[in-house]
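Assemble the complex: chain V is given as a structure, and chain E must be docked to it using the hints.
Protein chains: 2
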Amino acid sequence: MLVQKYKDMLSGKSVIRQLSEFATARGQEIGYENVFDYSLGNPSVAVPKAFTDAMIEMLQTEDTSVLHGYSPSLGITSVREAVAASLERRFGLPYRKEHIFMASGAAGALAHAFRLVTEPGDEVLTFAPFFPEYHPYVDLSGAVLKVVPPDTRTFQINFDVLEEMLTEKVMAVLVNTPNNPSGVVYSAETLKRLADVLTDRSRRYGHEIYLISDEPYREIVFGGTEAPCVSAFYDNTIMCYSFSKSLSLPGERIGYVAVNPRCKDAETMVNMCGQISRGIGHNCPPSIIQLAVAKVLDQTADLSVYETNMNLLYNELTRLGFECVKPGGTFYIFPRALEEDSVAFCQKALKYDLILVPADTFGAPGYFRMAYCIETKKVERSLPALRKFVKEIYGR
Amino acid sequence: MLVQKYKDMLSGKSVIRQLSEFATARGQEIGYENVFDYSLGNPSVAVPKAFTDAMIEMLQTEDTSVLHGYSPSLGITSVREAVAASLERRFGLPYRKEHIFMASGAAGALAHAFRLVTEPGDEVLTFAPFFPEYHPYVDLSGAVLKVVPPDTRTFQINFDVLEEMLTEKVMAVLVNTPNNPSGVVYSAETLKRLADVLTDRSRRYGHEIYLISDEPYREIVFGGTEAPCVSAFYDNTIMCYSFSKSLSLPGERIGYVAVNPRCKDAETMVNMCGQISRGIGHNCPPSIIQLAVAKVLDQTADLSVYETNMNLLYNELTRLGFECVKPGGTFYIFPRALEEDSVAFCQKALKYDLILVPADTFGAPGYFRMAYCIETKKVERSLPALRKFVKEIYGR
Chain V
0 MLVQKYKDML SGKSVIRQLS EFATARGQEI GYENVFDYSL GNPSVAVPKA FTDAMIEMLQ
60 TEDTSVLHGY SPSLGITSVR EAVAASLERR FGLPYRKEHI FMASGAAGAL AHAFRLVTEP
120 GDEVLTFAPF FPEYHPYVDL SGAVLKVVPP DTRTFQINFD VLEEMLTEKV MAVLVNTPNN
180 PSGVVYSAET LKRLADVLTD RSRRYGHEIY LISDEPYREI VFGGTEAPCV SAFYDNTIMC
240 YSFSKSLSLP GERIGYVAVN PRCKDAETMV NMCGQISRGI GHNCPPSIIQ LAVAKVLDQT
300 ADLSVYETNM NLLYNELTRL GFECVKPGGT FYIFPRALEE DSVAFCQKAL KYDLILVPAD
360 TFGAPGYFRM AYCIETKKVE RSLPALRKFV KEIYGR
Chain E
0 MLVQKYKDML SGKSVIRQLS EFATARGQEI GYENVFDYSL GNPSVAVPKA FTDAMIEMLQ
60 TEDTSVLHGY SPSLGITSVR EAVAASLERR FGLPYRKEHI FMASGAAGAL AHAFRLVTEP
120 GDEVLTFAPF FPEYHPYVDL SGAVLKVVPP DTRTFQINFD VLEEMLTEKV MAVLVNTPNN
180 PSGVVYSAET LKRLADVLTD RSRRYGHEIY LISDEPYREI VFGGTEAPCV SAFYDNTIMC
240 YSFSKSLSLP GERIGYVAVN PRCKDAETMV NMCGQISRGI GHNCPPSIIQ LAVAKVLDQT
300 ADLSVYETNM NLLYNELTRL GFECVKPGGT FYIFPRALEE DSVAFCQKAL KYDLILVPAD
360 TFGAPGYFRM AYCIETKKVE RSLPALRKFV KEIYGR
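One line per chain: the protein sequences are V and E, in this order.
0 is the number of the first residue of the first sequence in numbering that gives the first Met the number 0; add one for each residue after it.
0 is the number of the first residue of the second sequence in numbering that gives the first Met the number 0; add one for each residue after it.
Just so you know, the hints here were simulated from the structure itself, not pulled from any lab data.
Hints may contain errors.
It does not matter which identical chain is meant; a pair holds if it fits inside one copy or across any two.
Said to hold, decoys possible - Only pairs whose alpha carbons sit at most 27 Å apart, straight line, appear in this in silico DSSO-like list of lysine-lysine:
id, residue 1, residue 2
1, 6, 168
2, 12, 263
3, 96, 12
4, 377, 390
5, 325, 387
6, 145, 96
7, 48, 377
8, 6, 263
9, 6, 96
10, 168, 4
11, 4, 96
Here the structure is a predicted model, which is why all the values come from computation and not from measurement.
The following block holds chain V by itself, in its conformation from the complex (with noise of 0.2 Å):
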């Protein structure tokens, strides 16, 4: 019989991509280049050359079998050190590539991760807003997610309702700075009054509280933002990173788990996601791809775009009247909807071929998300559009 849970699944269609085949659908009619789709999450500056001459001349000069051979089930040694360098070499901890564990992208990561530290039934908390697919990511994994409630002010940390959430029962804390999806980057503040709450609720428990970091915008921070290393607050902090958007290499399915050098069982856990590997079928990311990430690893693509593009969207929506925190990094803003029900408004924004997608499943309903990580001309394509929609259906 075919397992009951992923078949009902299925009809849980999600919001972001039914929205997304709109646009598309919507694009066959009017050209795609006249739908303003705010739908999807999906990087759209080039990847560096620096990456694809490195993958060329690997394939022009290796040997196959080392190109394409089996990694270590940790990942590829030299690429382990590389990203431990780097990281050293950025965040002055001492990284060494007994902490770092090679995984297909963050979603390989955190499935590692979560696994590392929960036991059915335990709870891992988050902070809305959130990436909705963190629910399949810990609730099939065995494990609880539940959301600690926005600080809608801010889009820091709602710290009142996360003392009173955090009970003996929750085993590790889950946050993505810079944030999908309002753009809020936390702040050196909220980290170190993060890291003071779960020390003393390990202590108070008696046993440890991992911080979960999903990392994957780390890279796309906006001029005149600090975006501290989580990892250096809290020694017990598990990184997930992927490449996905700093490279814009989402297809490739690449990314890492590092475990921060000051926690005590660092290097045990890091043997342990090798373990966890060959229950989830994973066994590395491919090869040819760590090797050639590990040749740019300083490097990121062009990501100026998304600052550009970030201010012509904050200054509109705000000129027009929306309440909205300005994104200090990714490619996401989150401005609250001109009605109580964002479903409603965005449904409404349909018209005007404004593809932008509601909060509810994000944590935040009221609220709605624009990814524009599309071409700066577009969103000023998109502008005249939006005020039209605003002025007629709201008056404003």
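Only chain E this time, still in chain V's reference frame:
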């Protein structure tokens, strides 16, 4: 707290890996060319030039956002179509893209297959000798792996014991033909009889029993051997394929699940795979690798060296009096050791720099495996060592 079951696994180091590490260490002493390392099933022949050319051409000409962008969760549509067309051409079953789910190698494919059809506590049956990784693959999915002991005369299926063990709790039967470690290919007669048993029991128990067919060695079949398509015999077959061996790409993690088009729930099952992925951090195999294998689907690396090596070893082993079923495919051979305790036997062989793997963990104590995916010259140079070992230790 760290999860104990994964921590415990750290102490149970695989015998194959220990032997492979011994071989590497010994290689540093006497030169690796003098170590007759038959431990690892790592393809030794070059990747087809057409694959490398396809990769380079795409890197030189394609838009990077297409080439490295997110793949749909079931795999890139054109790739699924190409795989389906190739399977239909070769095996005459009406495969369409709706039956294909692109996976990260056979390990990834199997991880999805087990989760499709088993709830925690359900049983999966497989046949000794078997690939030892099946244990963590199945057991960590929540199901329970039970092993039908071997028919050591032929290494086909031991049907008498199968019929006893095939209780109502069994939801899936897992076969691997051509087989690691025996090298044996299941005959049409075996597969027909297996299908009859499964059909009969499915009816009797009132639930489907799925046949999961792990086929990474499908393309490595030796002259004179017929390798029947497992799916042609039984409608409820889930084929799990990997390009690791056929294209010598084990590190690139590329394969697929192909659900038999005659299976009544085929399309639903493929869609369910996309849901299972969300829980195990899978998220499709690397985009560029999907696109590249689609261009060389009907090609293989030059696999003839494996047959050459097999004949050299089979002739020498039988000449020396080893009991041994002649392999019909793969790059393994599986003789009976010259003493009851095959661990002791393999231990003694180490003194002759012969790295042989005792078969206890393969479910066939008393036997040993040789993985002859090494240079033919090295196989030839190993024969005097084999003769010397057998003569000095066993007086033959």
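Taking the hints in turn, this is what the structure says about them:
Taking the shortest alpha-carbon separations for residue 6 and residue 168, only the inter-copy value of 21 Å comes in at or below 27 Å, while the best intra-copy value is 29 Å. Only between protomers do residue 12 and residue 263 lie at most 27 Å apart by alpha-carbon distance; the minimum there is 23 Å, versus 41 Å within a single protomer. Taking the closest pair of Cα atoms, residue 96 and residue 12 come within 27 Å of each other only across two copies (20 Å); inside a single copy the shortest separation is 40 Å, beyond that limit. Proximity of residue 377 and residue 390 under a CA criterion of 27 Å is satisfied intra-copy only: 20 Å inside one chain copy versus 79 Å between copies.
Proximity of residue 325 to residue 387 under the C-alpha cut-off of 27 Å is restricted to the intra-copy arrangement: shortest distance 23 Å within a copy versus 77 Å between copies. Taking identical chains as interchangeable, the C-alpha atoms of residue 145 and residue 96 are never at most 27 Å apart, the minima being 33 Å within one chain and 38 Å between chains. Proximity of residue 48 and residue 377 under a CA criterion of 27 Å is satisfied intra-copy only: 24 Å inside one chain copy versus 41 Å between copies. Proximity of residue 6 and residue 263 under a CA criterion of 27 Å is satisfied inter-copy only: 14 Å between copies versus 41 Å inside one chain copy.
In this assembly of identical chains, the alpha carbons of residue 6 and residue 96 lie at most 27 Å apart only when taken from different copies (19 Å versus 40 Å within one copy). Both within a single protomer and between protomers do residue 168 and residue 4 lie at most 27 Å apart by alpha-carbon distance, with minima of 24 Å and 19 Å respectively. In the homo-oligomer, the alpha carbons of residue 4 and residue 96 lie at most 27 Å apart only across protomers (24 Å), although the nearest pairing inside one protomer, at 38 Å, exceeds that limit.
The earlier numbered hint that this structure contradicts is number 6, and it is the only one.
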